[in-house]
Amino acid sequence: MSDAITAGHAFLAVLRRDLSIFLSYRTRLVSQVLTSVFSLTLFYYVSRLVHVSGFSSPSSYFGFVVVGISMVGVMYSCFSIPELLRQELVAGTFDRLLLSPFGAVRSLMAMTLFPLLWSFILAATTLGLGCVLFGLQLHWSTVPLGVPAMALALLAFLPFGLLFAALTVLVKQGSVGTTWVIALLSIVGGLYFPVSLLPHWVQTAAKLQPFTAATSVLRHLLVGSSIGEGAGISLLKLAVFAAVLVPASTLVLAAAIRLGQRRGTIIEY
Amino acid sequence: MTVRSPEALALDAAPVARDTLAASAILRTGAGEAFPLAIKHVIKRWRKDLPLVLDGVDLALEPGTLTWVGGRNGAGKTTLLRIAAGLIEPEQGRAEVWGVSVRENRVRYQTLVSFLPAGDRGLYARLTVRRQLEFWARISMVPRGQVRQSVADAIAAFDLGELADRRVDRMSMGQRQRLRIAMTFLPGPETVLLDEPLTSLDDEGAAVLMRAIRRLLDRDGVVLWCSPSGERLDMRFDARWIIDGGRLAPA
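From first to last, the protein sequence lines stand for chains A and B.
Going by my numbering, the first sequence opens with residue 54, and the numbers climb by one from there.
Going by my numbering, the second sequence opens with residue -13, and the numbers climb by one from there.
Careful: at least some of the hints might be erroneous.
A few chain B residues that face chain A, going by a derived Cβ cut-off under 8 Å, partial list only [what the hints assert, rightly or not]:
id, residue
1, Gly72
2, Leu184
3, Arg233
Residues of chain A clear of chain B, computed beta-carbon distances all greater than 10 Å [as the list claims (entries may be wrong)]:
id, residue
4, Thr80
5, His104
6, Leu150
7, Leu151
8, Phe155
9, Leu208
10, Leu216
11, Thr232
12, Gln256
13, Leu261
14, Leu304
15, Gln314
Ranges of calculated distance between the beta carbons of each label pair, as one might list FRET restraints [said to hold, decoys possible]:
id, chain 1, residue 1, chain 2, residue 2, range
16, A, Leu76, B, Ala142, 26 to 32 Å
17, A, Val86, B, Gly60, 49 to 55 Å
18, B, Arg94, A, Gln190, 27 to 33 Å
19, A, Leu76, B, Asp139, 23 to 29 Å
Honestly, the hints are just simulated from the structure, not real lab data.
No experiment lies behind these values; they were computed from the predicted model shown.
No residue lacks a Cβ here, since even glycine has one placed at the ideal position from N, Cα and C.
Based on the provided sequences and hints, a complete structural model is requested.
The structure is reproduced here in structure tokens:
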């Protein structure tokens, strides 16, 4: 029991470390909030310009896309984990994590906490700015349910970061393929436009990853968008993705580290 | 089993010839005797077309001893330390600390062993010294109630008081090395592996390091110290070895 408590404190220490490093770059916070403002402004005027079938008004498309923009931030955070690992490899701090009793796998799991929590906060900030600056109408009666739904979504997204981290352990590149994957998921995840506009086979592909389900359920809870297959099914999908992929991706990461240790390449960067 | 007296370690003592095999022995049998560090028939090769880096290395360190391993650049000293630390795996053989190998019980092994890699890496540039030490104490699984005291002790023992709230990227190389050494000793390991620990250290820093080593040896810990040549080898080592051709020989 005391070991579990000590491990819990080690998790929190990683979170605190990442927060300290983040806050040491004073302009980072301002820069990220400004990015959100610019995205909101861009899509606010796009929503006024273009009539999209399936949306009753420009405001309903704006609400749809604001949730999508928020999810893009979450997606970027998720796929930033390999790059964070790469920084640790270059700085030589990964060796220290690996040689600590806490260990590399748990350290990497803990390293996901800050980016994901921060993306959660940034998503909430984006929604808030959408309300204040552009009159976004939130569905306040179900907004609180968005918090556990988002937590479940983060758990379902986490394995993607861990799998790419495993790849980084082996090939030493932080962003190998992540840019393409984010672009692809932005399309098939329906972040900027409804998946129903896509060709049929792409719509099928959209169902095979958790980002579409997460975005749909959050849209339903936050801005009252209709949800095709039902919120319960989307949440169940997310739970299954999390339950299967979190342990599987953890095992893959551990195996990649072990392979690196056996080959001796774990020390390379 | 030979246990050294603490007085035997003196920074400025004259070089002495010692019975190296008494304190740090090449293992001749696979008998079940446990040591604070035992390297058992370790073989390591980086590529099949290259010669072995370590060719059946055996070494055992008795409690309370300071052992030096030297050799030319690329001889395999750092590889030996990395295997002993559990960072990389050998093709054959194993490293044990008190009979425990990293494969059998990683957490226990990493609790007992601490490794100072060569160079100046392994620090978070944007963290202060205190934050760095606190972080290291936490992931070293120092019990919660002891973290603050362990950090305070490390700051005091390694003369980091004036630097405690300074960020690492604003420190000199020697100051960073002192912090790296403090991190190595902070969790209270029994086996310490030092790879060129005197890098960038001034005389004061070297003295701080030697005091830390002395305290460790006093409680029957061991130190395996690797460096390419006889830098400051006026220090008294209990055993000296040279790696050549992948094998250890008395220096």
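*Minimum Cβ separation between histidine 104 of chain A and chain B greater than 10 Å?*
holds (48 Å)
*Non-interface claim for leucine 150 of chain A: all C-beta distances to chain B beyond 10 Å?*
violated (7 Å)
*10 Å cut-off, C-beta based - leucine 208 of chain A kept clear of every residue in chain B*: holds (23 Å)
*Report holds if the minimum CB distance from glutamine 256 of chain A to chain B is greater than 10 Å, and violated otherwise.*
holds (45 Å)
_A closest beta-carbon separation below 8 Å is what the hint needs, so does arginine 233 of chain B meet it against chain A?_
Hint on arginine 233 of chain B: violated, closest Cβ of chain A at ~19 Å, above 8 Å.
*Is it true that valine 86 of chain A and glycine 60 of chain B lie within 49 to 55 Å of each other by Cβ?*
Holds - the Cβ-Cβ distance for valine 86 of chain A and glycine 60 of chain B, about 51 Å, lies within 49 to 55 Å.
*Check the non-interface label on phenylalanine 155 of chain A: least C-beta distance to chain B beyond 10 Å or not.*
Not fine: 4 Å to the nearest Cβ puts phenylalanine 155 of chain A too close to chain B.
_Verdict on threonine 80 of chain A as a residue remote from chain B, using beta-carbon distances over 10 Å_ = holds (14 Å)
*Regarding the hint that leucine 184 of chain B lies at the interface with chain A, is the smallest CB-CB distance below 8 Å?*
Given a least distance of 18 Å, the restraint on leucine 184 of chain B is violated.
*Is it correct that the beta-carbon of leucine 151 of chain A has no partner in chain B closer than or equal to 10 Å?*
violated (6 Å)
*Is the nearest CB of chain B more than 10 Å from the CB of leucine 304 of chain A?*
The assertion about leucine 304 of chain A holds, with a minimum of 16 Å to chain B.
*With 10 Å as the threshold, tell me whether leucine 261 of chain A passes as away from chain B on beta-carbon distances.*
holds (36 Å)
Violated hints, in rising order: 2, 3, 6, 7, 8, 15, 18; the structure is consistent with all others.
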